[in-house]
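Student: Read off the chains here:
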Amino acid sequence: MEDTYAVRAVDLSKTYGTGQAEVKALDHVSLTIARGTVAALLGPSGSGKSTLIKALGFVSPADTGEVFFGGRLVVKDGVPLADLASLRRRHLGFVFQKANLTSFLTARENVEIACEFGGKSDGARRARELLEYLDVAGREHSYPEMLSGGEQQRVAIARALANEPSLILADEPTAALDSVRSRNVMELFRRVAHDRGAAVLVVTHDHRALEVFDVIYEMEDGRLRPH
Amino acid sequence: MNLALRDVRRHLARFIGTAAGLGLLLSVVIGMQGIYAGMVDDATILTRAMRADLWLVQRDTRGPFAEGSRLDPSVEARAAAVPGVRTARPYTYQLIQRERRGAVLRIALVGLGWPDDPGRSLPLVRGRHLHQSHGEMIVDASLGLGIGESLTLAGEPYRVVGLTKNALTSGGESVAFVSVADAELIAFDQPAEAAMLERERVVERLRRTDLGRGQPALEDLATSPRWRAPALASPPLAAVLVQADPHRLAEVREVMRSWGDVSVYAQGEEEALLLGGVVQRARMQIGLFTVILTLTAAVIVMMVMYNLTLEKTHDLAVLKLMGAPGPRLLGLVLQQAWLLGALGYAVAYGMGAVVFPMFPRRVLLTDTITLVAPLATMAIVTLASALGLTHVMRIDPSRALEA
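First to last, the protein sequences are chains A and B. Sequential numbering of the first sequence, starting at 1, is according to my numbering. Sequential numbering of the second sequence, starting at 228, is according to my numbering.
The set of hints was computed from the structure by calculation and includes no laboratory data. You may find that some hints are simply not true.
A few chain A residues that face chain B, going by a derived Cβ cut-off under 7 Å, partial list only [what the hints assert, rightly or not]:
| # | residue |
| --- | --- |
| 1 | Y5 |
| 2 | Y16 |
| 3 | Q20 |
| 4 | K54 |
| 5 | F117 |
| 6 | K120 |
Even glycine gets a Cβ: it sits at the ideal position worked out from N, Cα and C.
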């Protein structure tokens with residue numbers, strides 16, 4: 001039976017430094033994000049949000065604990081049990097604080113290359129569709145530096161959606177946007193989660209659009225709790 | 228999607244500028260190789276064009292190009308008499324410097340063994356070989372003389388009847404070919420006053436001897452304007468060139484080696500002497516310079532590739548985070564390096580085609596250079612991209628998550 005959750009983290013802990021300089025970035029964190037859910041992760045700077053995103057995104061694993069993806073145990077106590085780069089390529093989408101588009105590729109190529117990495121054969125068509133879906137089709141031939149912050153973020157979201165990911169991780173995606181564009185982006189995530197059945201975890205400081213989220217978590221000193 | 232080409236397209240002007248810079252550097256490296264090849268070719272054309280199987284020179288010398296060689300003229304007849312010898316020709320070689328229309332002409336004057344050798348073996352680009360033993364010359368086009376023009380040497384005009392191309396000495400002097408008799412006339416040319424004084428001394432000596440008193444006609448001979456003092460004894464030759472039956476060459480050589488007054492060199496040995504003696508230092512100098520230039524080019528390409536990679540660190544981290552396969556990212560660096568090398572070589576080649584012909588010394592792009600240079604360029608850029616490749620492998624994808 002296929003699990004209804006996209007990702008499940010069980011008892012994740014991670015420590016930086018040793019002795020008196022020791023910092024517990026993750027302290028026995030457990031979390032489940034179901035498909036079609038848009039979740040917010042709140043918390044002050046240094047609370048461990050980015051560390052959790054890195055652990056869930058298979059970029060930097062936790063020291064201890066387990067991560068299940070699509071019902072399969074893929075990381076246990078910091079040891080990868082699957083090809084994590086392949087998982088990222090095919091099943092994960094990332095959206096960053098800054099759009100982080102590849103500077104030497106046009107908007108469409110930024111999406112197309114993600115399709116290519118994910119093994120999609122019709123990358124160009126899919127890229128056009130996604131840019132259209134996100135209302136930036138008119139800028140498909142523009143380089144990132146020619147796009148506004150909002151347009152860049154939309155292209156970044158299109159890129160994150162390129163491979164129909166099960167999980168989208170967004171790290172403060174609206175930090176560089178004004179309130180109107182910020183709300184638009186949050187609503188976009190909600191639409192993506194509900195329309196496409198992806199799980200979306202958004203790290204944010206922005207409390208103005210919290211009603212958009214289905215679940216809200218808060219982190220403090222490496223510990224996670226419902227908001 | 229080819230990431231390397233996309234990156235080049237985005238920074239096209241800078242990439243072309245870098246390739247042009249590399250091309251200029253490579254053109255210097257190729258040019259140095261070409262200068263060396265030209266020097267060797269120029270130097271050996273003098274020996275190859277003579278088509279001799281054996282060179283007889285003064286005993287224990289490495290003449291006539293590496294050092295002076297003075298051979299008694301009788302050696303020519305002696306050599307011709309050896310069984311198995313087809314022809315034996317005299318050969319003289321000397322450097323002269325003359326002025327013509329205010330310009331200094333440095334000429335390597337080669338005497339051809341008329342009538343056996345009127346210069347048929349010379350690589351003529353225009354005109355003809357010598358048709359008469361006196362007053363005609365074949366010159367290299369680099370002297371700037373045209374067919375029909377005359378050059379006055381030893382008080383007599385020498386008409387240019389044929390032109391060669393790239394007949395230069397290892398020192399870069401243009402070669403002129405005349406008959407041996409003319410070469411000797413020119414070599415022993417004396418100023419008029421010196422000739423008159425010498426004639427007077429000879430006449431004085433004749434008048435003091437029984438021979439002079441008994442044969443007054445000798446006095447008339449000595450005072451003739453065409454008389455040259457050394458003509459009383461035939462002037463020495465620089466070498467005697469021998470052609471022999473191929474199957475008797477070893478035998479002929481053995482006979483001639485037994486003579487006490489000559490050293491015998493085969494054609495290849497004579498070329499080796501010429502290159503080993505005269506060109507060796509230039510070769511080492513150019514070789515070392517080329518090595519330094521090649522290393523400089525490699526270091527510059529390495530730094531260019533490293534900087535190009537370094538400034539893409541964030542882009543590469545994002546691509547890694549997206550799960551880009553390692554070979555795709557390594558390919559980005561390598562393909563750019565190869566493109567840079569290919570463009571650089573094209574610039575160097577084009578530059579060479581335009582500029583090298585203007586050089587005062589010949590820059591000869593041999594088949595070896597034309598084949599090896601692009602391969603070496605690609606090898607250099609591949610090695611030079613190692614630093615960039617190492618950087619790509621070390622990029623942590625989590626850097627993409629940092630603000």
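Student: Of the hints given before, which are not true for this structure?
Tutor: Violated hints: 1, 2, 3, 6; rest satisfied.
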